[in-house]
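Participant: The whole structure should be built from the sequences, with the hints applied where relevant.
Listed below, chain by chain, are the residues.
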Amino acid sequence: MATDGILKVKNIETLYGLIMAIRGVSLEVQEGQIVCILGANGAGKTTILKTIMGLLEDQPDKGTIEFMGKRIDGKDAEEIVHLGISYVPEGREVFPELSVEENLKMGAYTRKDPKGVKEDYNRVISHFPILAERKSQWAGTLSGGEQQMLAIGRALMARPKLLMLDEPSLGLSPILVHEIFRIIKTINGEGTTILLVEQNAKMALKISDYGFVLENGRIVAANTPKILLEDEDVKEFYLGIRSEESVKGYQRWKRKKRWR
Amino acid sequence: MDMKRDYYEDIELFKSTTILICSILFLIFLAVLPWLIEKYHPLGMSIYIVNLITVHALVAIGLNILVGYTGQISMGHAGFFAIGAFTTVIFVLNWSFPLWIALPIAGFVSSGFGFILGLPALRLKGPYLAIATLGFGMTITTIIKHMEFFGGRMGLQAPKLHLFGAPMKDIHYYYMIMVIAVLMVIGATKLIKTRVGRAFIAIRDSDIAAEAMGVNLTYYKTLAFAVSAFYTGIGGGLYAFILGFINPESFHLIMSITFLAMVVVGGLGSIMGSIAGAALMTYLDIKLQAIQDIPVIGAALLNFSQKYMSVGGISNIAVIVYGLIMILIVLFEPLGIFGFWIRTKKYWKTWPF
Amino acid sequence: MFGQLIVSGLAVGACYALLALAMVIIYKTSEVLNFAQGEMAMVSTFVAFTILDAYHVPFLWAASLTFLFAILLGIFFEIVFLRQAKDPTVLGLIIITLGFEMILMGFAGWKWGPDQRSFPFPVSNVETYDIGGLLISKINFWTIVISVVLMFILFLFFRYTKLGIAMRATQQNPLAARVMGIRTKWILSFTWAISSIVGAAAGMLIAALGVLDPPMMMDPLLKGFASGVLGGMTSLPGTAVGGAILGIIENLFGGYISLAFKSVVAFAIIVLVLCIKPSGLLAKHYVKKV
Amino acid sequence: MIKRVSVFLCVAILSTFLLSTQSSAQKVRGVTDTEILIGQWGPQTGPAAPWGAVARGTDLLVKIINEEGGIHGRKFKYFLRDDSYQPAKTKAIAKEFVEQIGVFAVVGGVGVACGMTARDYLMENKVPWCGPVTGVYEWITPIQKYLFAIYPLYDDEAFNLTGYLHEKLGYKKIAMFYQNDDYGKQGVMGVERYLLKKKISLVAKVSAEVTDRDLSTHALKLKNSGAEAVIMWTMPTHAALILAETAKIGFKPQWATSNTLSDSALMMQITKGLWAGMINSFFGELPDSNHPLMVKYREWHKKLAPQERWGVFYYAGIIFAEPFFEGVRRAGRNLTPETWISAMETLKNWQGIGPPISYSKPNHPMDRQGGKHVFYGKVKPDGNIQRLTDWMQITK
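Chains as they are written, first to last, in the working numbering: chain A, 562 to 821; chain B, 2 to 354; chain C, 99 to 388; chain D, 145 to 540.
To be clear, the hints were calculated from the coordinates, so they are not data collected in a lab.
Incorrect hints may appear among the rest.
When the alpha-carbon atoms are kept at most 25 Å apart in a straight line, the in silico DSS-like pairs for lysine-lysine are as follows [what the hints assert, rightly or not]: (1) K316/D x K343/D; (2) K283/C x K636/A; (3) K170/B x K239/D.
Label-pair ranges, simulated between beta-carbon atoms [as the list claims (entries may be wrong)]: (4) K347/B x G752/A: 47 to 57 Å; (5) G421/D x P105/B: 51 to 61 Å; (6) K447/D x L94/B: 46 to 56 Å; (7) K347/B x E618/A: 21 to 31 Å; (8) D228/C x S345/D: 30 to 40 Å; (9) K696/A x K347/B: 48 to 58 Å; (10) K446/D x L94/B: 45 to 55 Å; (11) D206/B x D228/C: 51 to 61 Å; (12) K505/D x K40/B: 33 to 43 Å; (13) P500/D x Y41/B: 40 to 50 Å; (14) P675/A x K347/B: 50 to 60 Å; (15) Q698/A x P105/B: 51 to 61 Å; (16) P376/C x D206/B: 12 to 22 Å; (17) I172/B x S345/D: 48 to 58 Å.
Glycine included, each C-beta is placed from N, C-alpha and C at the ideal position.
Facilitator: Put into structure tokens, the structure is as follows:
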């Protein structure tokens, strides 16, 4: 790996009470890339993002997180946003009783340059024209896809250097998923580094420059999408492609074992 | 934990012989308690205070069925308490019913009002329910105050009860109240464990989900109000007799709040917790006022009070301490005294480790 | 008589609305029903009284110092008590505020004693303005003005300023608010400070209307709470409407039907209104998905 | 850490309670060779707390008597308990007095409901009770052997006050403003009793709930009645509120009120001067009176309790306790409830700083009603009182 990563996570451990959710994860995101983290339910994907974002109190328990050469572990979410990381939480989490416009305004909460905010507002609108139509509607009344767009747009309003997306495809129709991923790619093309957490491995790997596979709080595989796509385990567990000759159960057990 | 192999095993009252023996020992303890108290006055207790605690415990259990098990807030239970008290006294005084008939009647009258209050509660939540119940409590006392039938503003003198021709004393009231209380506690424990209780808990956790699973919300919510009001009404009836004189002014909002505090301090969703909460809060309420009589501290406080505060204000420390205890228990032991008990039990079970 | 009843109803409604405003601000951002609001206002008013009594400074000076005290009191309560509660229930929070109410009540009784006092206020509570034959006392008039102005300022604040929107955002989704870089803890303290100031203003007006003593806020607080609920508990214009309706109905009921039940008619109306519109008159409520 | 400290504190407080309880066993409850124990409850906290000054006033009298060497070689030990005006607490306090402390007698005690919960219990246990601080018939009907009432009856007082307004001052249209509780209701009863006798009726009868803080409608009703005189039977807060509200709408009748509001210094202050002109009845000497006993008490007050305000409620605590001590004095060294009662029954027009007190053997309820006199005064604009009458009997 190159050493000029915009985000460097070194050996972090995160506890939920007494349960260790992340057991020593290291990853690195290069500037301008799309990096995805794959993993099953409960593997700890969201926890990693939350830990990076400083949303979990007194976490990470161990390890360091560096963003653009600065230690950010142990800092408050507010400060981290200020440094240039934006986070789109799982399940959209828009402000239901604020209008779409107010939601976007909140995205730029930490910024003090009205002119730049205006520019970004126009940029977001150009990505998601539907939001302009729904400008004064309560965000809670939008459809799932529109809410997802709003959540991404809202995160972009902070003009982040790094955008972290948590399961943007969750609960959306296939057409909308395509649309969302297309927009993610466009945003990346405009110079925003993206860290993506997904269960939809196929779509995620298609647009990513690098991928990590997470299981039980550990990174079990890390490589470029091309290599990952050819990995037998990834194929079987995340893409649903099963080798014809495998014996049910036995194969599964054996594969898992190899990862550990 | 023992395994439950059968549904009936779960609703059985005495789960094992140990518990049976403990229960019998506890009943014996209750039976000899008045003698102990009369002789030694431990902690400055008197039988009267124990009676008051028992009555409050009934109310707290009733309120807990509503608040702790069904998740509906009520800030108007002093209203049901007043209904119970006045109904009992009226029936005994004006129509010379014997107490053992008047008391259940009071309970049912009160639960009728509970049913009525339960109807708007079907649609209300949070602050909206709080204000509706609060208004109910205040309206009831105002109505009572304005009807000469209820003694008007002067209040009513509860008739003296007689036992074998002699007027009943605190100790007689104690046994009467205790028998009723034990029966009602058993009733509440049973109720919670049956289908009705599970429906209540389902409503507390999520009423929409409960409805989706086929729990009839209208029925169970109003039932919860009615049951809760029944317990409170019976409590009120007994209260009238241990006090001897009832006046609508004394069933005010602060009383409703004290009941809520008992439930929360004792532990939401725990019958035993309610009893403990009622005991603690009633005891503190009565005894904290003698704060200046505590050796050493009392004199120092009095001195401080007269130097820096107002001259007669020292009793207010009791109010402050009472409020502080309410806050501290909610902050540090969200499950109340019941939570404290569970932790102690756990600690001793795993003691050497 | 009818006109006069309406006018005095509006005047008393304005007091209710001010207290409701203070409660609604807190409910809007943190969903806490603050039953200590009245006592916070009462203690603040006593502080104003003490400053005026001891130092004879101009009223505005004393009021400013009192507002400063109110800010500290609000923040103190938020940080020392409420924030310490770990995943509290709605009821638990209510009990905390009730406990704080008792502490303040006890403190006021301890420090200032139970005697009634007259609160020196620059506007007379007896002199009146004559508006087309209807008499309104100067203090009532100014109470209405102050309530309306405060309400309007706060409405604009919540509607159009970044901080105001952030406060609403914090209530609706604290996690997302943090992700936006909003300092939610700071926002909560700020909310308590504002609400405490509004409450202190209401307390001083109510004391000036009558007398100053520790239980003076019990009735106004309940009525304020009632108007807040009537208006919808999250809506600022709602508090104004709720307060006015409550004040007028109370007075008309007292004037034409029965004085005896005047003080509880408010609650009957509320129950009726809530049965028809469960979230109050002016609240649009977004139904959370289960 | 905080948790541990608070747990420790709780345990400490509870255990001090445990240690502080005492019990005593003598021949006569509460009387030893050197000491007499007496008790009183009174609201020191809560909405009724202004009345708590009464119980502290009694404390002053006890201290004065002890400083002067006690009575017949015995000094007094006084227990003051706060019941917050809640009957349930009052009864607990009464039980504590009898069962745990063992008092000889109860002196004073504010509140009808509070006192009524304790009355039967005290009577059954033969505890002498002197001077409950409310003037209602409940204390004397049915006649209680051990209960000696002092406070002039509200009902009779209102009857007499209406008579004074009607006959002496010639007011025809009289209205009533009262507080909706036992106290206010007794006032209405008295006023209506008088007017019924004269075959006229009240032009308006306006009541306020105890918790009301908005009296504008009440004021309008009073104004619309066109009353020339209004009798007020309320607590200080409502008095201040109604005076302000009526002044607002330009209604200025002759006001008259009961002795409960006879603390004109306080009333002048909280009404911002509107109290001037009030016709007031009084059950005790005026605060600045030159009565020798008042002078003496004021001197002791300066010495023993200078922080207390010398208000009417405060020295009412002396008024309601004076006859008790006179009874103890007359009972002599052999003090039992019975000797005390016989001594009390010898009081005939005995006067301290309150009304003349007379008792006799209990044949008629009024034989246990000590105070039967009040006097009237008018509040001058400077807050002082112009005495209108001398002590005059108000009962039939």
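Participant: If you check each hint against the structure, which ones fail?
Facilitator: none
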